[in-house]
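Taken in sequence, the protein lines are chains A and B.
Numbering that gives the first Met the number 0 puts the first residue of the first sequence at 0, with every later residue one more than the last.
Numbering that gives the first Met the number 0 puts the first residue of the second sequence at 0, with every later residue one more than the last.
Calculated from the structure, these hints are not laboratory results.
Because the structure is a prediction, the values reported are computed rather than measured.
Each hint should be verified, as a subset may be incorrect.
In silico contact screen, one side only, chain A against chain B (beta carbon under 10 Å); selected entries [unchecked claim]:
no. : residue
1   : I6
2   : L14
3   : D16
4   : T18
5   : S22
6   : T28
7   : L30
8   : N231
9   : T278
10  : E287
11  : N289
12  : P290
13  : Y291
14  : T325
15  : L327
16  : D396
Glycine included, C-beta positions come from ideal geometry on N, C-alpha and C.
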Amino acid sequence: MKKQNQIDDLFRRELADHTVTPSPERRATLLRDAEGIQRKGSASAWWIAGTTLLILAGFGIAFFIHQISDSSNPPSAIQQSSNQVPQPPSNPVPQLPSNPVPQLPSNPVTQPPSNPATQPPSNPVTQPPSNPVTQPPSNPVTQLPSNPATQPPSNPVTQLPSNPATQPPSNPVTQPPSNPVTQPPSNPVTQPPSNPVTQPPSNPVTQPPSNPVTQLPSHQQPDIRYPSKKWNISIGANYTPEVMFNTLNGDKFANNMGLEGTFHVGRYSVRTGVGLSFTTGWNEMLVESNPYLGAYKALDSITFAWGDNYNLVPTYFTKTEAVFDTTLQYTYTDIKKRYTYLQVPLVLGYDFWENSWLSLGVRAGAVMSVLLNTKTSSMTFDPGKDRIVQINNITPDRIELNWQAMGGINAAFRLSQRFSIELEPEIRYYFNSVYESSVLTKKPWSVGVRAAVVVTF
Amino acid sequence: MIFSRKNTEAKRLDQASIGALYDKNAPWLLAVCLRYTGNRENAEDVLHDGFMKIIRGIEKFNEKQTGSIEAWMRRIMVNTALNYLRDHKKEKLFIELEPVLDSIQISPENNDVYGGWDLSKDQLMDLICELPAGYRTVFNLYVMEDYTHKEIGEFLGISENTSKTQLYKARNFLQKRLREFQTEYTHEKTESNR
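Starting from the given sequences, assemble the full structure and let the hints guide the process.
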């Protein structure tokens, strides 16, 4: 209990609520300097707003597209791609007029003798195209009998071989004219009417599919990217700028980069990899020192030697001694440090929508961070000639192991069958503070956008 | 309202809030700085530095853990003033008088220092500013901030006896100056009654 003293009471009573009006110039200076601090904060506020907007937009677009695709009950992806080709109009193949092939009158007089020599050779060239519609019925009159001895070889140029064994007996009367193109004599009687072939051109594009396509359930639909493969592996490199909140020194910016590998099974995926994270932070320190007052030459030793007049001549040896004030001096200083973390993620994913060039999905998982290195990047406190007694870390040190949960929306843009670019806005929540002894009750969290270049095999 | 009473942690300030905070608290904080620095210009420098620390640290301020915001701001300002004195002192703030103290007989304090007259607050402030830096620091910490000699010793890195000696010398100085004021006041009153 303090002793009562009238001087103390006087000054305490009169000056406890004493005020002195500061100058307006100082006020303006303070507000100007304070604005610089606020600008730092507003930059991160823009980061938050932009990233949040991006994530919400991604969610909205994905949800909207998913709703549309569900409501219209779209066909499978394969059917969808084939449906893109315009279907031909359903025109039946025009039928030839039912014009029966004129039959030869059964007139034994006009009927040519059944002489193999007079029969025109069956020439594949002259035969009408094998069309069930236009092909006349096989007319035994105009066909050569199947006689291996007389049947000419199947040769479009149906020259009869000069083979006495197979050559039909030369009949001076009925020998067929030696014509390279052994067209049969145009016999209007026997020749089928020349009707234009009205068969539609065989166009594989306009042909209707031969098999009706059956729609597969979505989870059984093959991967549009690699229809022939049910699974695939991709590797890539990523970069993720990240803004952290709920840290001691305000908001923090971190650069994350690394290599990753993803295993896709249908629409599901598992991603892991290894990466590095670089972040900086200001550490406040309290330096206790004894101020330097000066130095003096202290006598170290004396030696004596005989002089010329038999007297002792001393020689003084001195050393410089510094003098420090015993009063402790307290100095607060900020030191900038750079932290390097090793990050190992394990992220599960599900692609809920995709087409030929874009796929959207959700990602969620955990990330492990291990502190690898701490480096002081700014100039350390320079005590000058003062003697440092103690340095106290006001800002706690960083912990060595940290776990985070992450979630995000993944958008993959396919540049080719193998190469794609991924953008993934994400949010991370830290299960524990990044500091060893945190004075904050809240856990840090962060937002970022992962950009990756991926090669798929 | 700048700080939400529902939340225990203060919000980040915008420009308007900073201006309002400054207008409300700068006058009494400047008086605190003036008591420590002894002159107006240095006091405003200290006020500026201290206020910047307040603005930076206000988002971390937790009323439950730290106490009232006025007390928190006061502590920041006092620490800033003391750091300023240490950084800019041209002579030692304190002289260890322990070996000398035994030879000094401390006279009993004369409590009948003043009576019947009034000094304005500005005049009392001027008396404080006239004190040497070391006396002024200990006097402010003991009388105005209500620290004990042990706490002052730990805070300033001096012994308890040094703190007591400094306070004794400060009181003697102020006592002497107040007597001089009293003498002048009496003389002026006498002259005016003639």
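Should the interface hint for T278(A) be scored as holding, given a Cβ-Cβ cut-off of 10 Å against chain B?
19 Å, violated
Quick check on E287(A) please, does its C-beta sit within 10 Å of some C-beta on chain B?
With a closest approach of 8 Å, the E287(A) hint holds.
Closest C-beta approach of N289(A) to chain B relative to 10 Å, hint status:
For N289(A), the interface hint holds, since the closest Cβ of chain B sits about 9 Å away, which is under 10 Å.
Satisfaction of the Y291(A) interface hint, Cβ to chain B closer than 10 Å:
12 Å, violated
Are L30(A) and chain B close enough, Cβ to Cβ, to be under 10 Å, as the hint says?
6 Å, holds
At a threshold of 10 Å, is the proposed contact between N231(A) and chain B supported by beta-carbon distances?
48 Å, violated
Please check whether P290(A) passes as an interface residue: C-beta within 10 Å of a C-beta belonging to chain B.
8 Å, holds
Min Cβ distance, D396(A) to chain B: is it shorter than 10 Å?
With Cβ-Cβ at 18 Å, over 10 Å, it is violated.
Hint status (Cβ of L327(A) to nearest Cβ of chain B, threshold 10 Å):
3 Å, holds
Hey, does the T18(A) contact hint survive, CB to chain B under 10 Å?
With Cβ-Cβ at 4 Å, under 10 Å, it holds.
Does the interface hint hold: is L14(A) within less than 10 Å of chain B, judged Cβ to Cβ?
6 Å, holds
Any CB of chain B closer than 10 Å to the CB of T325(A)?
6 Å, holds
In this structure, the hints that do not hold are numbers 8, 9, 13 and 16, in rising order.
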